[in-house]
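Colleague: Residue-level listing of the chains:
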Amino acid sequence: MSTVNQVAIPKVEVMPEKHYLNDNYGIRSWLLTKDHKRIAVLYLFTITFFFFLGGLFAALIRLELLTPQGDLFQSDTYNKLFTMHGVNMIFFFLIPSVPAVLGNFLVPLMVGAKDLAFPKINLLSWYIFIAGAAFALAALVSGGVDTGWTFYTPLSSGFLKTPVVVLGVGILIAGFASIFTGLNFIVTVHRMRAPGLTWGRLPLFVWANYAASLIMVLGTPVLAITLILLVLERGFHIGIFDPKLGGDPVLFQHMFWFYSHPAVYIMILPGMGVISEIITCFSRKRVFGYTFIAFSSIAIAVFGFVVWAHHMFVAGISTYSALVFSLLSFAVAIPSAVKVFNWTATMYKGSVTLSTPMLYALGFIGLFTIGGLTGLFLAALGLDIHVHDTYFVVAHFHYVMVGGMVMAYLGGLHFWWPKMTGRLYPEAWAKMAALITFIGFNLTFFPQFILGYLGMPRRYHAYPEEFQVLNVLSSAGASVLAVGFILPLIYFLYSLRYGQVAGNNPWKATGLEWETTSPPPTHNFEETPIVTCDPYNYGDDEEVHVVK
Amino acid sequence: MSNNQTTTSAHHPAHVHQFDSMEQQNEVASFGMWVFLLTEIMMFGGLFAAYLIYRIKFYPAFVAGSTSISVAWGFANTLVLIGSSWTMAMGVWAAQQGKRKAQVWFILATMVLGAAFLGVKAKEYYDKYEECHIPGHIIGKEFNAWGGCKVGDPSMGNIAEEIRDAKHHGDPSIPENSAIETAKQTQIFFSFYFAMTGLHATHMLIGLGVLTWLLFRAKRGEFGPEYYSPVENVGLYWHFVDIVWIFLFPLLYLISRHQHHG
Amino acid sequence: MQFNVPFFPEQASTAAKQVDYIYLFLVAITAFFSLLIAALILYFIIKYKETPGRKAEQIHGSMLLEITWSVIPLGISLIIFVWAAWLYVHMQRAPANSLEVYGVAKQWMWKFQHSGGQREINALHVPVGRPVKVTLISQDVIHSMFVPEFRTKVDVLPNRYTSLWFEATKPGTYHLFCSQYCGTKHSAMIGQVIAMTPEDFENWLASGKAEGSSASNGEKLFQQLGCVTCHRADSAARGPNLMGLYGRPVKLTDGRTVLADDNYIRESILVPNAKVVSGFQPIMPTFQGMISEEDLFQVMNYIKSMGDQQQGGPLNNRSYPDQIRENELRHIQEQMKQQETTPQKPAGKK
Numbered sequence: 004m005s006t007v008n009q010v011a012i013p014k015v016e017v018m019p020e021k022h023y024l025n026d027n028y029g030i031r032s033w034l035l036t037k038d039h040k041r042i043a044v045l046y047l048f049t050i051t052f053f054f055f056l057g058g059l060f061a062a063l064i065r066l067e068l069l070t071p072q073g074d075l076f077q078s079d080t081y082n083k084l085f086t087m088h089g090v091n092m093i094f095f096f097l098i099p100s101v102p103a104v105l106g107n108f109l110v111p112l113m114v115g116a117k118d119l120a121f122p123k124i125n126l127l128s129w130y131i132f133i134a135g136a137a138f139a140l141a142a143l144v145s146g147g148v149d150t151g152w153t154f155y156t157p158l159s160s161g162f163l164k165t166p167v168v169v170l171g172v173g174i175l176i177a178g179f180a181s182i183f184t185g186l187n188f189i190v191t192v193h194r195m196r197a198p199g200l201t202w203g204r205l206p207l208f209v210w211a212n213y214a215a216s217l218i219m220v221l222g223t224p225v226l227a228i229t230l231i232l233l234v235l236e237r238g239f240h241i242g243i244f245d246p247k248l249g250g251d252p253v254l255f256q257h258m259f260w261f262y263s264h265p266a267v268y269i270m271i272l273p274g275m276g277v278i279s280e281i282i283t284c285f286s287r288k289r290v291f292g293y294t295f296i297a298f299s300s301i302a303i304a305v306f307g308f309v310v311w312a313h314h315m316f317v318a319g320i321s322t323y324s325a326l327v328f329s330l331l332s333f334a335v336a337i338p339s340a341v342k343v344f345n346w347t348a349t350m351y352k353g354s355v356t357l358s359t360p361m362l363y364a365l366g367f368i369g370l371f372t373i374g375g376l377t378g379l380f381l382a383a384l385g386l387d388i389h390v391h392d393t394y395f396v397v398a399h400f401h402y403v404m405v406g407g408m409v410m411a412y413l414g415g416l417h418f419w420w421p422k423m424t425g426r427l428y429p430e431a432w433a434k435m436a437a438l439i440t441f442i443g444f445n446l447t448f449f450p451q452f453i454l455g456y457l458g459m460p461r462r463y464h465a466y467p468e469e470f471q472v473l474n475v476l477s478s479a480g481a482s483v484l485a486v487g488f489i490l491p492l493i494y495f496l497y498s499l500r501y502g503q504v505a506g507n508n509p510w511k512a513t514g515l516e517w518e519t520t521s522p523p524p525t526h527n528f529e530e531t532p533i534v535t536c537d538p539y540n541y542g543d544d545e546e547v548h549v550v551k
Numbered sequence: 023m024s025n026n027q028t029t030t031s032a033h034h035p036a037h038v039h040q041f042d043s044m045e046q047q048n049e050v051a052s053f054g055m056w057v058f059l060l061t062e063i064m065m066f067g068g069l070f071a072a073y074l075i076y077r078i079k080f081y082p083a084f085v086a087g088s089t090s091i092s093v094a095w096g097f098a099n100t101l102v103l104i105g106s107s108w109t110m111a112m113g114v115w116a117a118q119q120g121k122r123k124a125q126v127w128f129i130l131a132t133m134v135l136g137a138a139f140l141g142v143k144a145k146e147y148y149d150k151y152e153e154c155h156i157p158g159h160i161i162g163k164e165f166n167a168w169g170g171c172k173v174g175d176p177s178m179g180n181i182a183e184e185i186r187d188a189k190h191h192g193d194p195s196i197p198e199n200s201a202i203e204t205a206k207q208t209q210i211f212f213s214f215y216f217a218m219t220g221l222h223a224t225h226m227l228i229g230l231g232v233l234t235w236l237l238f239r240a241k242r243g244e245f246g247p248e249y250y251s252p253v254e255n256v257g258l259y260w261h262f263v264d265i266v267w268i269f270l271f272p273l274l275y276l277i278s279r280h281q282h283h284g
Numbered sequence: 017m018q019f020n021v022p023f024f025p026e027q028a029s030t031a032a033k034q035v036d037y038i039y040l041f042l043v044a045i046t047a048f049f050s051l052l053i054a055a056l057i058l059y060f061i062i063k064y065k066e067t068p069g070r071k072a073e074q075i076h077g078s079m080l081l082e083i084t085w086s087v088i089p090l091g092i093s094l095i096i097f098v099w100a101a102w103l104y105v106h107m108q109r110a111p112a113n114s115l116e117v118y119g120v121a122k123q124w125m126w127k128f129q130h131s132g133g134q135r136e137i138n139a140l141h142v143p144v145g146r147p148v149k150v151t152l153i154s155q156d157v158i159h160s161m162f163v164p165e166f167r168t169k170v171d172v173l174p175n176r177y178t179s180l181w182f183e184a185t186k187p188g189t190y191h192l193f194c195s196q197y198c199g200t201k202h203s204a205m206i207g208q209v210i211a212m213t214p215e216d217f218e219n220w221l222a223s224g225k226a227e228g229s230s231a232s233n234g235e236k237l238f239q240q241l242g243c244v245t246c247h248r249a250d251s252a253a254r255g256p257n258l259m260g261l262y263g264r265p266v267k268l269t270d271g272r273t274v275l276a277d278d279n280y281i282r283e284s285i286l287v288p289n290a291k292v293v294s295g296f297q298p299i300m301p302t303f304q305g306m307i308s309e310e311d312l313f314q315v316m317n318y319i320k321s322m323g324d325q326q327q328g329g330p331l332n333n334r335s336y337p338d339q340i341r342e343n344e345l346r347h348i349q350e351q352m353k354q355q356e357t358t359p360q361k362p363a364g365k366k
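Protein chains in written order, with my numbering: chain C, 4 to 551; chain Y, 23 to 284; chain S, 17 to 366.
No lab work stands behind these hints: they were computed from the structure.
Any given hint could turn out to be false.
As the list claims (entries may be wrong) - Quick list of the computed label-pair ranges, beta carbon to beta carbon:
| # | chain 1 | residue 1 | chain 2 | residue 2 | range |
| --- | --- | --- | --- | --- | --- |
| 1 | C | Leu496 | S | Lys71 | 32 to 40 Å |
| 2 | S | Lys71 | C | Gly29 | 28 to 36 Å |
| 3 | C | Gly542 | S | Leu58 | 19 to 27 Å |
| 4 | C | Val305 | S | Phe23 | 36 to 44 Å |
| 5 | Y | Leu227 | C | Gly146 | 50 to 58 Å |
| 6 | C | Gly146 | Y | Ile228 | 29 to 37 Å |
| 7 | C | Ser145 | S | Thr84 | 50 to 58 Å |
To be verified - Short derived list, chain Y residues pointing at chain C, Cβ under 8 Å:
| # | residue |
| --- | --- |
| 8 | Ser43 |
| 9 | Gln46 |
| 10 | Asn48 |
| 11 | Phe53 |
| 12 | Glu62 |
| 13 | Met64 |
| 14 | Ile75 |
| 15 | Ala138 |
| 16 | Gly141 |
| 17 | Pro157 |
| 18 | Gly158 |
| 19 | Gln209 |
The model shown is predicted, which means the values in this text are computed figures rather than measured ones.
Just so you know, even glycine gets a beta-carbon here, dropped at the ideal spot from N, CA and C.
Hey, can you work out the whole structure from these sequences and the hints?
Modeller: Following this line, the structure appears as structure tokens:
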């Protein structure tokens, strides 16, 4: 057992008598709930399902790539596997992961509100998500789709015979779930902060989710219209992207990436918010450079909208626009670098404990640094020509998405698990899982950087023999990674029943969410809290964060 | 919102628990609506941008396509929508003033005008169907801009004919050959025409649905000077949909019309 | 399975070394910053481990540090940007003396055509020590031509020419990959680039059974398709004279001036009304669906070769007959129809 637990729990904690989980029982009380915390739990179950489904596809992909001949699956089966892996992980796991689960649960608590601004819309967003997911699953059951998650035309609109329309409609619908979540966050952060909770006192988790919400609200509709046009084109054979009728397939790429590049920041920004909370708590320190971290989130969200064409440097765009988009892509690296430096500096002269969330957070910093810096390789024009569409790109975005976002998500889940369930997970197991995940992740994806530079193109079902050693290494790593992901599932479920009762604030963290009971009561706060000081006021002996 | 009847009489029945006051609740609702409209702007914006890019690329075809749709019906529809915006605004005013009967009538009038708009749109769509100007070949007849329709009157909807006709009205520089070829490219124009007006009509349909819900609530007398934010926000949405049309009408019907390439 | 895993693909083109230098620089930057962060974190973990009696020192931040770690990455980024952009521009512009090769991509096959008329499938023979420019088009979906040993790649689009160039430095056989996902057999759309010494390359070219050069085949097509009825130098011409057209600016009816490059000529054949030359009527019929991409390349080569024969003649200098009579137009269209019905056998298939 870690020292934190010994220090943090001097007396035997007891569960609060009444909280959001036992406020009401029965399936109706869950399916018709307007409580943001219960909706977060609904989302948690849903995306966990999709995470493991997507993970299963990934496992099959890695299994196929053990041998160069492509002998396990037919090539079209393999194409379906990587398409469904991408679609599942991006639209049904990564985009909702931190915002819809942790954000939904924590944003109202952190701003001292009784709920989000529009609880009904929040519930609606989950139902919309389920509807979209149903379409995606229908597409999967009826044979699967093999367009790649990017749906490039004219391949997707005219050449493949799989249920592209069904999957397109599914993603379109799920997009609205994301819009509604973002809308709810923006309105809540603007209008429902507790008295005294100025913008400068907002927890960085809220800032990060706010920035991500801006992208959800402004970017997702462009994806929606792009998918509508794609569906119309495929269903009705109209000619907007069809070169045969004079349309331009590259325009699809522009419209697709106008959303899908900022979408990367929807996936990473909330994760960065989680890291700011964890690092401060387990260094017992105020965050270093609060303003810079907060505004770098906004800067990333804004710059994120003007870098989309860096996905198209070899797609025949003009040299001048390539130059502009390359420069802007380098610019977006700066706020990310600022964050990494500030997090590291936060530990300086702190009082550091290596509890499980901290392990994930430190893993995040390391992996995100590599993921971010390898992004520079892709923004560098002359170099991108070579590495574009190779395994280098695959490795890069997995470092950001898995090494970054999934690490942050797991870190956050561990950090707030006691708050969500009222119980602690087994610390030793959790630490081991974090370590296994970190090692497995690097084993899986580091070889892919080398594979990519050697020239192995992505989405290859069979490959030249000389790439086999690195592929075997990567597949071996993936099996380690799988263990790292399955372990938390087991001990989280175990802890629901047998976990030690956590108490209101097991980490002695600051922040309004820790002022409530664990699990929190249905209406969060009996009285509206009044905030009198800056966030992360670790070091003040008296916890005078809130005056009631 | 209306199911929170258990709250004490000091509270307005529509007041929900997460807000401190009715004012905060109203303000939040309208702020939320504005954020939602931002989303809508981005959605239509993507489509408008694509339209403008193609208009540059296929200018003569867009002129021909634009000339083939009825500016008279489009103009009539514009008037209908402006009228409905006025009745909607009056509906909000009536709700603010607590005029129960008036707000019901104004909401009803808005719905009638909205339905009229959709009726006219349906007529225009039907004309295009008759003329074989529905892009693609999924709905009954294959798209056929240059030879008229195979079914019914062969001369109907012959854009090439129209382009040739333009010759008599002062542009001799368009020879037949060019007319036929340009006419083929109008399929892209019609793809946009149907995508844009279709998306707009979908918004109108959703608007009518929401207005129906509003109508029932207004009839029950739920809105008054203290609580009218649903009416106000539906009004915002309705005005937005009107404004989209105010952009669509010139873009599709007017700016390309009666101009000649060459 | 071979166990000596290299970290670089072979350097087989002039650009390869340049790309590798940037790559190594970036690897060094990445390693430096990753290790720096990792070392700092490890140091802080050990040094500032939670100990009873010691409390964390609260520090709010430091403007100086913030500026430092914004400006230094910005500076490094700018260096990389300029360096890589310079290389990109260099890799976009093929030298004037490049050997021209045309390629057609389709699901799931590469077809190349040399100007001598030699054709090959899923293989491309090139000489060492001479820049080679490959102009590409796709017959169906988007593909991408990728030769890792040359560090070069370009997407192959269905409606527009794109091109890449390289200068091979070492004889050998290299990978040719399709790197843009293009459907079921994407990973089977591979081939070889064979770089040969100039002498071997000449021998290879000579051994290829080509029925006439690409340009001479193009000339035949030019006559078969009836292009020559309008595009001619005498007074019966109804279209612009194409002599010396390639690579020259052309004035259009709408006042714009465009460069007569590959894409312009292709568009003018397939969508003749898109850009009509000033002083001419838009009477040319489309050849969409009547000419294959490969034949288009041959016509293109013929049009280019016309420039070689006669340089410098000013374009569009002929006054155009004022009006086309209706019967004349009909005559032309009939001619076109006939061309459409007679099957065309492209020449020079291997």
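Colleague: Against the structure, test the hints numbered earlier, and report the numbers of the ones violated in rising order.
Modeller: 2, 5, 8, 10, 15, 16
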